[in-house]
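In case you want the letters, here they are:
Protein chains: 6
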Amino acid sequence: MTDEQHFQHGLKMLQTMLGEAEAERIREGWRNMWPDLERLILEFVAGRIWTRSVVDLKTRSLSTIAALTALGRTNALDLNVRMAVGNGATKEEIFETMLHMAPYAGFPAVWDAMMIATRVLNEPRK
Amino acid sequence: MTDEQHFQHGLKMLQTMLGEAEAERIREGWRNMWPDLERLILEFVAGRIWTRSVVDLKTRSLSTIAALTALGRTNALDLNVRMAVGNGATKEEIFETMLHMAPYAGFPAVWDAMMIATRVLNEPRK
Amino acid sequence: MTDEQHFQHGLKMLQTMLGEAEAERIREGWRNMWPDLERLILEFVAGRIWTRSVVDLKTRSLSTIAALTALGRTNALDLNVRMAVGNGATKEEIFETMLHMAPYAGFPAVWDAMMIATRVLNEPRK
Amino acid sequence: MTDEQHFQHGLKMLQTMLGEAEAERIREGWRNMWPDLERLILEFVAGRIWTRSVVDLKTRSLSTIAALTALGRTNALDLNVRMAVGNGATKEEIFETMLHMAPYAGFPAVWDAMMIATRVLNEPRK
Amino acid sequence: MTDEQHFQHGLKMLQTMLGEAEAERIREGWRNMWPDLERLILEFVAGRIWTRSVVDLKTRSLSTIAALTALGRTNALDLNVRMAVGNGATKEEIFETMLHMAPYAGFPAVWDAMMIATRVLNEPRK
Amino acid sequence: MTDEQHFQHGLKMLQTMLGEAEAERIREGWRNMWPDLERLILEFVAGRIWTRSVVDLKTRSLSTIAALTALGRTNALDLNVRMAVGNGATKEEIFETMLHMAPYAGFPAVWDAMMIATRVLNEPRK
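Residue numbers (our numbering), protein chains in the order written: chain A, 15 to 140; chain B, 15 to 140; chain C, 15 to 140; chain D, 15 to 140; chain E, 15 to 140; chain F, 15 to 140.
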């Protein structure tokens, strides 16, 4: 496949998981910082990784949230909580996955992550 | 519930996920280092966390593997690959979850984790 | 012991280290995010870990601050600076412990941690 | 050499990389938190490490930015983006070094770092 | 460009940096663990990232070594020390870059990294 | 003070904490990798940081062990367990400090650290 095809797959994937308006908002943030950041995230992360099979989207979302909780990456956690909802995860599943990290990455990491999830999930529905 | 009840739940949980012989082997390692390490892992990690509902055992295993890949924790990765198999995850799902970490924790973390998974999954079946 | 007993020990421990008003404020934050987070922190972290013997509370506080400085966990650092004061650590001991982390976790981690400690310790006394 | 000589070398080094006004502003921040933090950063980090030969200042700046991107250290990233500019790195080289971290530390780390670099580099020129 | 073109660019890049025999040995390790790991590293890491312009190969190597020192990724450090040599970095530049990490990631990280570099650079020349 | 004076203080400090034979063995390891690594560790880490007041040596040792457990730095953990013993910490205090890290850095970090401590503390007494 060509880069452009991966880009289009990634774009569609992002729109499906986030909705078109939110996908555009998040892309704009990347693009304004560094256009190649947007391009490589769309082509590679969304287009090559999230489009893979074997593990379904909801399980991928929860695994990603687990890892980002452990790593403490703020911006990506915010985004992946939104994506998890788009992939069918409930609020309970998101918080339970974060809590599951307590014995693996420590309670402070869970605390930081839940603050982000709380803020995102309490936003007024659009 | 009492600590002893949590301990028994945790022990049963560990035996179900690992088999009795492997569960005993791993417990012995913890016990020989520091008895309270075994006790708290059995009571809290196995007995209080892994026994929770909302997220099923296989999804918990894959989320744990994702986080341990990101954190680079050697001993726990070895154990959790075994537990994931016991929880019904295929070799493909385990490696796919690790590969999914490439854009989140970097390829070096994936490489280190896959070396451990390869070693564990290539052991002769007991 | 039962979970409820651990919870009560943890609650008393938290109140002793933070004062009753601050303990309630911090618990409320956890509870509003996810009730089980509050429960497990009270029962396990405060009730099972901080109540252990062999190492005294002030030394536990300084060790925790050292580790959180290295890990860069914001919310927990704020809390543990308050707890350290409650456990008898002076401002000098807290900053000295953070400075001791410079050759182990790097100066950037020390800088980030000292900003949090400075903010907490400059709050008007209640 | 004496500590005072290292301090003076470090001070001169910091002023060269940041300009005198910015160097004073940043030193004041360290001094106000903990005077020994300022002293050890000037003597050791600026005076003993940055004054070493073999690797030139611009390459040191880009390597530091790469590592701080991976570690996610906020305050030090802000400072090192400024220092990198003073050491002759272009905006393109700074962002390219951050992007190079995507396969090593993950895209979330790159995203967080680029937000800081964007803010710093968009400040009105003084 | 197509995936296959990126793969071929990445392969050529890897061979240039490591030599053909070492490139094949390292690829075989990835392929034997998980074929898609080899494919994505060749296409994306070697083919899309290392082929980019703006920052030269030697500076990329030193930045990568800085970040991997901070992250403590064993296998990738071994590989990147070899790549750095292929990209024209001297032993002195590699160790100096690691030493530069002391105030940013701590001396323990430098120690671990230098052990790997020492082992790699002391191998008999092939 | 001069660098040479810090070096001598650091050397004496290291010998006091480790014994002369072990101090020489560990210095030789650093020196053989990179002479400046030995020099800066002796002058700065041992000579400038460990010689500071306000926090006593045993508390510094336990805080360092806590942080290295969280960071997972293998070589430095081995060394700091030896230094902790030299600074008067009992085996119980060392393991208790590591266990205290379970809710802060996760059980996998504690497991890895206790394996190192077990190996060091089971060595035949010299």
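No wet-lab data here; the hints were simulated from the structure. Check before you lean on any hint, since a few could be wrong.
Since the list gives no way to pick one copy over another, a pair counts as held whenever it fits inside one copy or between any two copies.
[What the hints assert, rightly or not] Calculated cross-link-like contacts (lysine to any residue; reagent style SDA-like; alpha-carbon spacing at most 20 Å): (1) 105 with 22; (2) 105 with 66; (3) 105 with 19; (4) 26 with 133; (5) 72 with 101; (6) 26 with 102; (7) 105 with 47; (8) 26 with 105; (9) 105 with 52; (10) 105 with 43; (11) 105 with 49; (12) 105 with 132; (13) 72 with 105; (14) 105 with 53; (15) 72 with 25; (16) 105 with 50; (17) 105 with 46; (18) 105 with 68.
Classify it for me, residue 72 with residue 105: is the Cα-Cα distance of at most 20 Å met within a copy, between copies, both or neither?
Answer is both; intra-copy 12 Å and inter-copy 19 Å each pass.
Please sort residue 105 with residue 46 into within, between, both or neither, judging by C-alpha distance up to 20 Å.
between (31 Å within a copy, 14 Å between copies)
Reference check for the pair residue 105 and residue 19, CA-CA at most 20 Å: within, between, both, or neither?
Neither: 33 Å inside a chain and 29 Å across chains, both beyond 20 Å.
Given a CA cutoff of 20 Å, do residue 72 and residue 25 count as a within-copy pair, a between-copy pair, both, or neither?
Within one copy, since 18 Å is at most 20 Å while 29 Å is not.
Up to 20 Å CA-CA - residue 102 versus residue 26, copy category:
within (17 Å within a copy, 31 Å between copies)
Is it within, between, both, or neither for residue 105 and residue 68, if the alpha carbons may be no more than 20 Å apart?
Only across copies: residue 105 and residue 68 sit 10 Å apart there, 24 Å inside one copy, limit 20 Å.
Within a copy, between copies, both or neither: which one fits residue 105 and residue 50 at a CA-CA cutoff of 20 Å?
between (33 Å within a copy, 14 Å between copies)
Is it within, between, both or neither when you check residue 26 against residue 133 at 20 Å Cα-Cα?
So residue 26 and residue 133 fail the 20 Å test inside a copy (26 Å) and across (30 Å) alike.
For residue 105 and residue 49, with the copy left unspecified, which applies at a CA distance of at most 20 Å: within, between, both, or neither?
For residue 105 and residue 49, only the inter-copy Cα distance (13 Å) is at most 20 Å; the intra-copy one is 33 Å.
Up to 20 Å CA-CA - residue 101 versus residue 72, copy category:
both (5 Å within a copy, 18 Å between copies)
One pair to classify: residue 105 and residue 132, alpha carbons no more than 20 Å apart. Within, between, both, or neither?
Answer is within; shortest intra-copy Cα gap is 9 Å, inter-copy 33 Å.
Is the C-alpha distance from residue 26 to residue 105 at most 20 Å within one copy, between copies, in both cases, or in neither?
neither (24 Å within a copy, 29 Å between copies)
When each numbered hint is compared with the structure, violations occur for hints 1, 3, 4 and 8.
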